[in-house]
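A.B. asks: Below, each chain spelled out in residue letters.
There are 2 protein chains.
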Amino acid sequence: MSNTSKHLIIIGGVAAGMKAAAKARRESQYVKITVFTDEEHISYAGCGMPYFIGDVIKEKKKLIIREPAYFKAMHNIDVLTLHRATAINARLKQVVVKNLKTGQDLTFSYDKLIIATGALPIVPPLPGISLDNIFTLRTVADAVQIKSLVDSGKVKNAVVAGSGFIGLEMAENLSLRGVKVVLVELLGQILPPFDEDMARLVQSHLTEKGVEVITSDGVKDFEGNRENYVTGVNTGKRRLPADMVILSVGISPNTGIAIDAGIKVGATRAITVNERMETNVPDIYAVGDCAENTHLITGKPAWVALGSTAAKMGRVAAINALGGNDTFNGVLGTVIMKVFGLNVAKTGLCEREAIKAGYTVESAIIPASDKSHYYPGCKDIIIKLVADVNTKKLLGAQIVGEGVIDKRIDVIATALSFGATVDQISKLDLAYAPPYAMAMDAIIVAANVLNNKLLGRTEGILPQKVIERRNRGDNFILLDIRTEMEFKSGHIKGSLHIPLDALAARANELDRTREIITYCRAGLRASHACRILKSAGFEKVKYMDGSIMAWTYGLEK
Amino acid sequence: MSNTSKHLIIIGGVAAGMKAAAKARRESQYVKITVFTDEEHISYAGCGMPYFIGDVIKEKKKLIIREPAYFKAMHNIDVLTLHRATAINARLKQVVVKNLKTGQDLTFSYDKLIIATGALPIVPPLPGISLDNIFTLRTVADAVQIKSLVDSGKVKNAVVAGSGFIGLEMAENLSLRGVKVVLVELLGQILPPFDEDMARLVQSHLTEKGVEVITSDGVKDFEGNRENYVTGVNTGKRRLPADMVILSVGISPNTGIAIDAGIKVGATRAITVNERMETNVPDIYAVGDCAENTHLITGKPAWVALGSTAAKMGRVAAINALGGNDTFNGVLGTVIMKVFGLNVAKTGLCEREAIKAGYTVESAIIPASDKSHYYPGCKDIIIKLVADVNTKKLLGAQIVGEGVIDKRIDVIATALSFGATVDQISKLDLAYAPPYAMAMDAIIVAANVLNNKLLGRTEGILPQKVIERRNRGDNFILLDIRTEMEFKSGHIKGSLHIPLDALAARANELDRTREIITYCRAGLRASHACRILKSAGFEKVKYMDGSIMAWTYGLEK
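Respectively, the protein sequence lines represent chains S and G. Residue numbering for the first sequence is 13 to 569, as defined by the numbering used here. Residue numbering for the second sequence is 13 to 569, as defined by the numbering used here.
Treat the hints with care, as some may be off.
Since copy identity is lost for identical chains, a pair holds within one copy or between any two.
To be verified - Derived PhoX-like pairs (lysine-lysine); straight-line CA-CA distance at most 20 Å:
id : residue 1 : residue 2
1  : K569      : K500
2  : K546      : K44
3  : K192      : K166
4  : K405      : K168
5  : K74       : K391
6  : K391      : K70
7  : K350      : K391
8  : K505      : K232
9  : K192      : K221
10 : K368      : K276
Everything labelled a hint here was simulated from the structure, so no lab data went into it.
Build out the structure end to end from the sequences listed, making use of the hints.
C.D. replies: Here is the structure:
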């Protein structure tokens, strides 16, 4: 399809749909392009909505990147808002569309069709779910409603159900507006895509900032008053007062119209597409949150609904629909968020996912500085890397910290795309100057630490394993090798204290028959202590990864 | 060498040397380690010194990362400061060292020797060079001297000779202290490792911030007063008053002692080493600024003297010297600096270097936002990418801007390490959330723009080519397709104006026999204008890369 009078129809007018429309026009000045959306707005910044509610982004219009009139004037693209596509007839190559203003059904013929219907928030059918002031956040209309309720000053208490990225962003932005927020998560940890140890670092931060976090407890039902406004939430274990509830328990691909038309969906319940974004039905493409991806690490289908991926898929579908050839091979599940000044990001697999996918893994938790220690404004970050023991390739990374983490996660995402080994990452020629990095960037330090473990040069143990083993009564010595002052400022309950500079001399105070786990502030000195103890003839010694900086189980003085 | 009584000697106590020492101790608790340095301080942050002079870093002691006593106490490493290694006897495996305090010559035997003698600033033998207050900046002593002179309030005018990174950092930090700075560069552009078009963007910024920049003019001699203080600088073309001169015309590898010992140096005049950091002489390694590297793009010897590389080389040499096996394959020449709030970075080859290395290149200049447009604090960056037309692989990138560039240069450096094509870079799964990036990150947008040029989808021309062609009287139409208001706020002299939304209707006003070059603010609309003109039957149309944002040749109203 590359000439006059051909018709490209796109269903969906947000990220993937409008990117496909704009790219299609750049591919051909002649094709007729029509976009249908059942929403009032198109091309809006879904990811910016929590910040709009939090007053970080002041104007609604800033969220709306483009209006239909712009697309008509600049690109000769017809965008019909408040028009819901209700059926696809693949045999006749037609789409049936309902005009939501008039109720009229219209039929349009297409030569090529791109489905970009996005995802819908999951609304669990709990008692009281239809009460007022229970919201999901997906559209501009949702954001405006939530914001105006907050603006009214009537919201003292809010419950946010679900602790994914939207849940956490809402918890922050509502808190910024003076609302007391309780975050409720059914699972045993917040941030389900992350490992528990990294999620606990984020949870500590939320708690510090005044958000009450409840895990292992889900919403059972909602209470309301006579005016039908929500007043409270009952979990299995408690009643929480609530003038507002944000449901952020997940989203699911919006695929009804596709399934009805005989388009296949995969195990993820999103539409199956090949690298060209083609569905199983000729001339029909699917892109964005309604479509499935391939995970570049596992090679298996994955569903990662993100604006960044949507834009890339939309572009590829448009090129192919207009007779070109482009491919999109897959995703790493790279995600990032900012919550109360803490940056949180992940790419590739977390340790739990890697084990589940069948890998034999080695992991390391490494605290580091985001820039040179002596440069003003230098801040800490904590990196967790997970590698495949057999191939020595990196499988994924999680990073949390007030310092700069986005560049480190992007570097790792890039390296993962090319199947990098941990050793290759440790040798990358990254940019160094004091305002930007340490001479050996945090990523390089982290890769070296993990490589030392992979090669058996050092032996570490994650804090979570230490607490698990202590809880089941394992007989090991927990050895704090920090200075007297550090030890007094807070140490792990039950630990022994010998400062590093006295360790060689005092090693004989230690019981040689017991395993020793050393810790310091961040892990480096603890690892050095292991070497001293090994030289002194101790055999069962390990250092605690990330040490006190990664320890989220409390300290005593 | 892995056991008791073996002796590792390291000559040089800054980045590479001390990293090698510390890593060697981690490899073996038994080896005897001695470091000699002719300086007073070790392990100092050379890259932080301009910021110390500028009072950004307040205390000298912050620059000194570790003291000799620390290395003795913590790592049992003997560091002898003010001890200059004067000769290596490779046959006897001995080093002769002069104690600079006593004048005594001492001889030490080594089993393994690591040379980390660094580089020395180039001091051109010009008339008046021995006057007081003419400085190079390489050691802590240099920094302290310069800072105390500035602190004295006696410096009104300074001339900085040489416009590499140190020169620019000194120009900024002296300006911050209230000194009037003139930057003098012999070449036709500042920042010699960069392309002229990108360097001109930096030069404009320096000028805006009050630094006078003189190019194509070098220092000829210095004038002084009776007290032997410098008072002025004569270039070929003018006399500049100066109470202080900073010479930053380059550095050269400090290899005298190595050459005398029969150790080979390469074409770069730095010591030739293999991937294991071994020199041609058994048991002698060389690391850091005195040693040569391999350029990962060209595969040829390169000399890139940077703290980040020094640390990696030191680590590899230590592992190998202690009987292990590690390799360092080479560098991309990744560099970054901050100057008056402008970030400037490069990795891989610039266009000039790529052409010189024999590549057929395509390049693109792409302005972009560092985060989502609607997120507060979003800033511009300008990216130049250079690719190999034949393989479609990226060869290098340069980025300049007040926005975040370090992560983009690091992502590209990582991609270059794995031989990425431009298309692969455009599909990277980089982290997206409004505070960190656009949905399609600046790098992805830039790769798409360059890919469009590589695939012949679009045809662009760099601003520098436009000015060159105009200066030689080429008969093309320069077409400004921005809005009336934008045009009036400043446009390129001699350009025609037809707003984009009127272009299709008014295309027949244009002379079809002449080549047309379109421009807008950043290049996107100009590229769209080309498509409109092509649809209207125009054949010779190009858009100007980066358009007004990359245009450094002045505007008229």
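A.B. asks: Determine for every hint whether it applies to the structure shown.
C.D. replies: So, going through the hints one by one against the coordinates:
no.	hint	result
1	K569 <-> K500	within (6 Å within a copy, 69 Å between copies)
2	K546 <-> K44	between (74 Å within a copy, 18 Å between copies)
3	K192 <-> K166	within (12 Å within a copy, 58 Å between copies)
4	K405 <-> K168	neither (49 Å within a copy, 56 Å between copies)
5	K74 <-> K391	between (31 Å within a copy, 16 Å between copies)
6	K391 <-> K70	between (29 Å within a copy, 18 Å between copies)
7	K350 <-> K391	both (15 Å within a copy, 18 Å between copies)
8	K505 <-> K232	neither (37 Å within a copy, 70 Å between copies)
9	K192 <-> K221	within (11 Å within a copy, 46 Å between copies)
10	K368 <-> K276	neither (26 Å within a copy, 53 Å between copies)
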